[in-house]
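What follows is each chain in one-letter form.
Protein chains: 2
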Amino acid sequence: MVSQRGLQSITLESPMRRCASATNWTFYDPSENPTAPINLGVAHNDLLQDKLLEKISSSLTITRKDLDYNCAYGSIILRDRVASFVTRQFKTAEPLVADHVTAFTGAGAAVYYLSVALADPGESIMVIAPYYGMFDGDICGGTGISLFPVYLPTLEDNFVHENVLEEAFERAKKENVKVKALLVTNPDNPIGRCYSREGLETFARFASKHSIHLILDEVYALSTFSHLDTSLSADTVISAKEESDDPFTSILSLENLSDLIDPSLVHVIYGMSKDFALNGLRIGFILDQNNETLRSVLHASAVMSYISSITDRTISNFLSDSVWIDSYISTNRRLLADSYAKISIFFKDHGVRHLPVQAGHFVFIDLRPFLIQKNGGRPPTLKDEQELWQTLLDNGVYVAPGEAFRTKEHGFFRITFPLRSDLLELGLDRLYKTTVGFGENRVIKESQALKASK
Amino acid sequence: MVSQRGLQSITLESPMRRCASATNWTFYDPSENPTAPINLGVAHNDLLQDKLLEKISSSLTITRKDLDYNCAYGSIILRDRVASFVTRQFKTAEPLVADHVTAFTGAGAAVYYLSVALADPGESIMVIAPYYGMFDGDICGGTGISLFPVYLPTLEDNFVHENVLEEAFERAKKENVKVKALLVTNPDNPIGRCYSREGLETFARFASKHSIHLILDEVYALSTFSHLDTSLSADTVISAKEESDDPFTSILSLENLSDLIDPSLVHVIYGMSKDFALNGLRIGFILDQNNETLRSVLHASAVMSYISSITDRTISNFLSDSVWIDSYISTNRRLLADSYAKISIFFKDHGVRHLPVQAGHFVFIDLRPFLIQKNGGRPPTLKDEQELWQTLLDNGVYVAPGEAFRTKEHGFFRITFPLRSDLLELGLDRLYKTTVGFGENRVIKESQALKASK
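For the record, the sequence lines run as chains A and B.
Just so we're aligned: 276 in UniProt numbering is position 276 of the first sequence, and the numbers increase by one with no gaps anywhere.
Just so we're aligned: 451 in UniProt numbering is position 451 of the second sequence, and the numbers increase by one with no gaps anywhere.
Treat the hints loosely; a few may be bogus.
Below, a list of computed lysine to aspartate or glutamate pairs in the EDC-like style, where the Cα atoms sit at most 20 angstroms apart [said to hold, decoys possible]:
| # | chain 1 | residue 1 | chain 2 | residue 2 |
| --- | --- | --- | --- | --- |
| 1 | B | 65 | A | 32 |
| 2 | B | 65 | A | 422 |
| 3 | B | 433 | B | 338 |
| 4 | A | 65 | B | 50 |
| 5 | A | 65 | B | 422 |
| 6 | A | 383 | A | 13 |
| 7 | B | 65 | A | 54 |
Hints listed in this document are in silico derivations from the structure and should not be mistaken for laboratory results.
Computed from a predicted structure; not experimentally measured.
Whenever a hint applies, use it, and build me the whole structure from the sequences.
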């Protein structure tokens, strides 16, 4: 009744999608959904919602022209403003112009259309793992493309070992996997770390050596905060020194990029969802400065992911106020830093280890000790992780398990932190109580956890 | 540098896309673009723009919730309102509910995702021809699906001969073409005619016999007007009798559908672009009442064509006022009828034949006599049609040539009529003068035509 590729798109294994579906996308709200789970699993950022809502509301206009067809891949005004913004904030080596920007209905759609534009059925995209779990659906859903994960040696650091990449490429060759691109998320997801300039150079040399495309997903580019002094309050201006310590380096900022790789092989994903916390507006971009043929393909496919003239104009208006935008980004970094400091202290105080974070909306925590305790010293299995995840959900808190990011070791969970403090505290309380009870083989009933939380 | 399917998507033969691209999507505007061609080629409807702009403006709101992820295939509120609206206006045999509606960023995207959900690479969709030319890109672009056109015997009527369908199916078999679906546009495009109930039943029986899907593109469903007395003014209420004479029948209104075909094979395309003249907002729907598996596939793919929360809320608000909506549709029909009457008189007065129209935004005119005159009696070729089309464009008027709809006979052109009268008159003047000059082998220079038009 449906095509093979259609069937594959709904039956493909995507742990992140499976977990998210289990929540029915309905989350706790004190008045509207008091019994739904608290959402610590989806990456979002509520810290500046009031300011954003006010600014977006005042950017919301429609003109007569907007009733008729707009450019499918974004109006020239929108693309021009994105180009200026990215040039300024990413400190690109060459200025971006409107032509370098193709808009899609979200970064996920951008990843999908870029993948299809670069790889044919049966081909593969190498991805640095653990990786953002929605790539499973975005890249492999109905496309015939597979993902070929490459794990850096440890979760503890993300130093890019050239030999790890080379070994993976050799393994792919042996398995008859035809790799068309290397996909790197920077700052990464789920750990929230940035690659060094040297790391990026290694990726570029590797991609160049094998004549494959290099895709950088930079959707958390401007959500770095580890270089800030968190004792400062949110409205303190970031000093020049702090800015120079920003751990994020865009691939587009490398002055020597064309010495490392044919720059027509390099493409960047960006969007409004993460740095601007506008998940709902569905605006993503592919930034490409050197590949006209690819851009033609993307323009043709943008018709299937055609952004609404209303949203186009709203975001165009929004980005026109560069003073507001730059100030928002500074404030957002500061608030992320404060928020991260708080959750980090919470976990330290409760004896929960987490990996250090430089950027993004989440912290990757290590709950293996609780699983080991539960199972009398046995190393945690995937099934153990799944059981704890389900117990957490049953007890009113949704988190993203390591499985969703294809971690090799089981027992890690990604926790979203830039949230309203009442929600976050309630969520962390449920998380901790449930985990301790789980480790001690005590059955925590939902009602108990919910009661304890109040 | 790009995938094979990517390359195919930009090199595939799509005469409509080629023609539209030649305009660079820039059209005449007295103040902003006085030298660009007048757009009589793209289907649009300016007749109620003031009312629409006012209503959409007042529907434009955003709430805190809209900042975060919405449902990819449309909020429950949007889908619920679309379901009610379609049930009421299409007079569906069974009421639609929200679950039956999947939203995409436009009807074109809906056609694309439905095609991919039903057909695999190497398979084909049979389409009644002449057909809407953007199907070439929407269905065949990068998908590996081909279109298999079936021509009804004449352009003069659209009676559905069962044997024509059967012969086509046999021919497809012989050519090893695996047909997965029959695609019918009703009311049709480019001619603007509706299929009778008997015609729809023939399509359904045919699809059932061969176990293929039946897709009805009903985007002009509520733009029928041939049943109205055009001497009445626009604000006259349509009488009950007139309503019962409406030439449009939705496939969803057939009480006996399940006697004719397994209804899980029947799917409808709808959208806000045509009946509501909101091309720019990019909202299309797939209506399906009986195929849950297909809907799951569509839900998964909707993530790649994710509608913006702002647009979702705007259209939800817009559709909530059913009194306004129903009155808009009545008024729009009346204005379309008046506008069609005017252009029909113009062509009659100027000795240009056109095919009778029941619905839509365009009239299909027959300029073959001018081509025959030019070439001393020789029947027109595709090249003749292309030359006239180019001359028209050079002389400041963009129309859609028969080629864009894959007509077998050459010399037809589709002319959009529900436009501001100053634009339409100027466009028709340029069209007529250029065509006459072309027929008489007189070179009409752009400056002359433009001057003559003033």
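Each hint, compared with the structure:
Of the supplied pair hints, the one linking residue 65 of chain B and residue 32 of chain A holds, its CA atoms being roughly 12 angstroms apart against a limit of 20 angstroms. At roughly 18 angstroms between alpha-carbon atoms, residue 65 of chain B and residue 422 of chain A fall within 20 angstroms of each other, so this suggested pair holds. This hinted pair does not check out: residue 433 of chain B and residue 338 of chain B have alpha carbons roughly 24 angstroms apart, beyond 20 angstroms. Between residue 65 of chain A and residue 50 of chain B the alpha-carbon distance is near 12 angstroms, which keeps this suggested pair within the 20 angstroms criterion.
Proposed proximity of residue 65 of chain A and residue 422 of chain B is supported: the alpha carbons are some 18 angstroms apart, at most 20 angstroms. Of the supplied pair hints, the one linking residue 383 of chain A and residue 13 of chain A holds, its CA atoms being roughly 16 angstroms apart against a limit of 20 angstroms. Using a Cα cut-off of 20 angstroms, the hinted pair residue 65 of chain B and residue 54 of chain A holds, with the two alpha carbons roughly 13 angstroms apart.
The structure fails hint 3 only (numbered hints given earlier).
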